[in-house]
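S.K.: Following the hints, put chain B in place on chain A, whose structure we already have.
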Amino acid sequence: MNYLEARRTLASFEGGPSLAFRLAMSGTPEPLEIFLRAEAARHDRTAALAFLPFNTLRQHLLGPTDELPELYLLCPWDLVPEADWRTGIPPGRLGADDLLAAASQVAALLRRRSNAKFVYLPASIPPLTGQPHSDQVLALGIESIAIGLGALRLSPQFFSLASYFTSGCPIGGGALGAVAESLIGHLLAQHTPAKLLVTDLDETIWSGLIAEEGMEGIGFGPEGAGYRHHVYQTLLVRLRHEGVLLAAVSRNDAEVVLPPFQSGRMPLKLEDFVAVIASYHPKSAQIRELVSRLNLGIDSVVYVDDNPVELAEVATALPGVTTIAFPSKDQGIPDLLARLTALFGRADVTTEDQERTELYRRRLEGLVPAEATGADLTRFLAGLGMELQIHDRSRGDRTRAVQLINKTNQFNANGRRWTDSEIASALEAGAQLLTATLTDRAGSHGEILACLIGVDGTIEALVMSCRVFQRRVEHGFFAALQAAGIRPSRIRFQPTERNSPFRTFLAEPGLSAGSNGLVPFDVEEFARRHQDALTLFEVGWS
Amino acid sequence: MTELSKKLDEIFRAVLDLPASREVRSVARGSEERWDSLAHTLMVAAVESEFGIEIDVADSLSLGSYSEVESYLRNRLGPA
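Just so you know, the protein sequences line up as chains A and B, in that order.
Under the working numbering, the first residue of the first sequence carries the number 1, and numbering increases by one thereafter.
Under the working numbering, the first residue of the second sequence carries the number 543, and numbering increases by one thereafter.
If you are wondering where the hints come from, they were derived from the structure by calculation, not from laboratory data.
One or more hints might be untrue.
Claimed, not checked - Partner residues are not named here, just some residues of chain A that face chain B (Cβ under 7 Å, in silico):
1) N2
2) L4
3) R7
4) P31
5) F165
6) T166
7) S167
8) G173
Stated by the list, open to error - Have a look at the derived ranges for each label pair, beta carbon to beta carbon:
9) E575(B) x S155(A): 34 to 40 Å
10) R111(A) x V599(B): 31 to 37 Å
11) L546(B) x Y280(A): 51 to 57 Å
Even glycine gets a Cβ: it sits at the ideal position worked out from N, Cα and C.
Next up, chain A with everything else stripped away, as it sits in the complex (with noise of 0.2 Å):
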């Protein structure tokens, strides 16, 4: 976006909902701020910007915190001082050490701000160590932290020593739409990674047609054309490892594209793949009912193939699939596996990840028929021999009950995220932390409910997997609690965009639909209600 072009978005934007953030940077932000405004109006929202007076980041940084959401955009000099164009050269040489030393101070100063996200301008530094290498060994230290608080990096190519020598703004002005597109895209990201990757096979998971040219045709092994098909499988196959889920999209017969799976001779196996779909279906169609089945949310979707025409059929049927294109060229592998790494990130695997490729898979295969109800329903959920484990975790690991909080968006009372010490301080003050794990006769589901009951009776977070969906584990975990003598009175409940099954929830006797804020919630009249559900489960507690 150039400044004519930013002029006229705004000039014709209609205003939407507030995006308030401080734009934190050492130097002068004015230049930014009209791209800034623009690149949010293209994502609909109003910017409400603040800033800081030039070169008073370092003092920003010793005060104290506010509500204000904070967008720090760092330049080497930000956390090296003495990197600054603007001082000049010091007349003694400086030791890289001692530099980076002190970097690590400012960057510890920077992981304090909460409610904070990062960008780094990898600009160019003078040379402050005499010695060449030394000075490169500067710079990717300086780089090397910047990353390590989460920052997002841009091209170093943003940086302008004129407009920094005339204006004290970094960034040239060619590069300003660039940067702020950056800076608010950052700005909005979701934190929720994603959670299915559908890739497509020919050209993409290998080299080659697998219906003109043949098992022998095709490549996929560390050599020649199959060389960056199968880098990229290695990827999908540590993904799958992290719990990320995989299926294949084909236009192809279903006998055609699964002996390479079978061969044993590609880093990916059959098993790796929640569901490998061949048929002659449009791939959003495939997409659609593949996410219906696996009771996904279409945004937590990434397509990955190489051919233009299948992306943009994808991305115009389900405009919420992150959709990305299979490079033609082996150059573009590193970012293909950047981004799906970005996407797909999360910060500590637990053993429930490790296993989810088989959930899943257990669930397409024992779906619960989508038209049963009532006295059906009963009778099918009755044969799954389920075993309901509900866990007191207000003490020891609860590793999965905080994931599971945090990552679980259509049945979750109010959507709000809670870090592990914000949930170890409600623990502290006396709450309970409650979770189920499911079993039935094809095996574990793990633990796939987790409760947070406030000291005074409030149930602050309700969330459970939509894997166990119709499976009336909610009626028998309340039941069992109600049995139990704990008795929630309340629930925090808010509206979100996604969590309408958790309204349909609120609507079952015993609580009161449609009302915000604390719901208040009758656990005798609940479980009485839904003793039955008690004889579907055998229950225990640990």
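M.R.: Below, chain B without anything else, positioned relative to chain A:
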């Protein structure tokens, strides 16, 4: 009017917030009180953005009127 002049007119009017009645091509830094140091910074950034160039600090300081900016751009970009 050339494409360059049209864009430059629009930039000057926007950055300096000039009324429609004001003749933009006679604007000079010494005679237009809205052309302060911040406006100059925004002007240079807008020109860089719109014309895809980078302006060195020495050149930036020499741009004190509409006609000087226009002349500078014609030299940098060649005949429009």
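S.K.: Hints first: check each against the structure and report whether it holds.
M.R.: Against the structure, the hints:
1. Residue-level restraint check for N2(A) holds (minimum Cβ-Cβ distance to chain B is 5 Å; threshold 7 Å).
2. At its closest, the beta carbon of L4(A) sits 6 Å from a beta carbon of chain B; the interface hint therefore holds under the 7 Å criterion.
3. Of the supplied interface hints, the one on R7(A) holds, with its beta-carbon coming within about 6 Å of a beta-carbon of chain B, less than 7 Å.
4. The interface hint given for P31(A) is met, as the beta carbon of that residue sits about 4 Å from the closest beta carbon of chain B, less than 7 Å.
5. A hinted interface residue such as F165(A) counts as satisfied when its beta carbon comes closer than 7 Å to some beta carbon of chain B; here the least separation is about 4 Å, so the hint holds.
6. Given the 7 Å rule on beta carbons, the hint for T166(A) holds: about 5 Å separates it from the nearest Cβ of chain B.
7. For S167(A), the shortest C-beta to C-beta distance to chain B is roughly 4 Å, which falls under 7 Å, so the interface hint holds.
8. The restraint placing G173(A) at the interface with chain B holds, with a minimum CB-CB distance near 2 Å, inside the 7 Å limit.
9. Taking 34 to 40 Å as the suggested C-beta distance range, the pair E575(B) and S155(A) conforms, at roughly 38 Å.
10. Hint check: R111(A) to V599(B), Cβ distance near 35 Å, so the stated range 31 to 37 Å holds.
11. Checked against the given bound of 51 to 57 Å, the beta carbons of L546(B) and Y280(A), roughly 54 Å apart, stay inside it.
Violation of the numbered hints given earlier is absent; every hint is satisfied by the structure.
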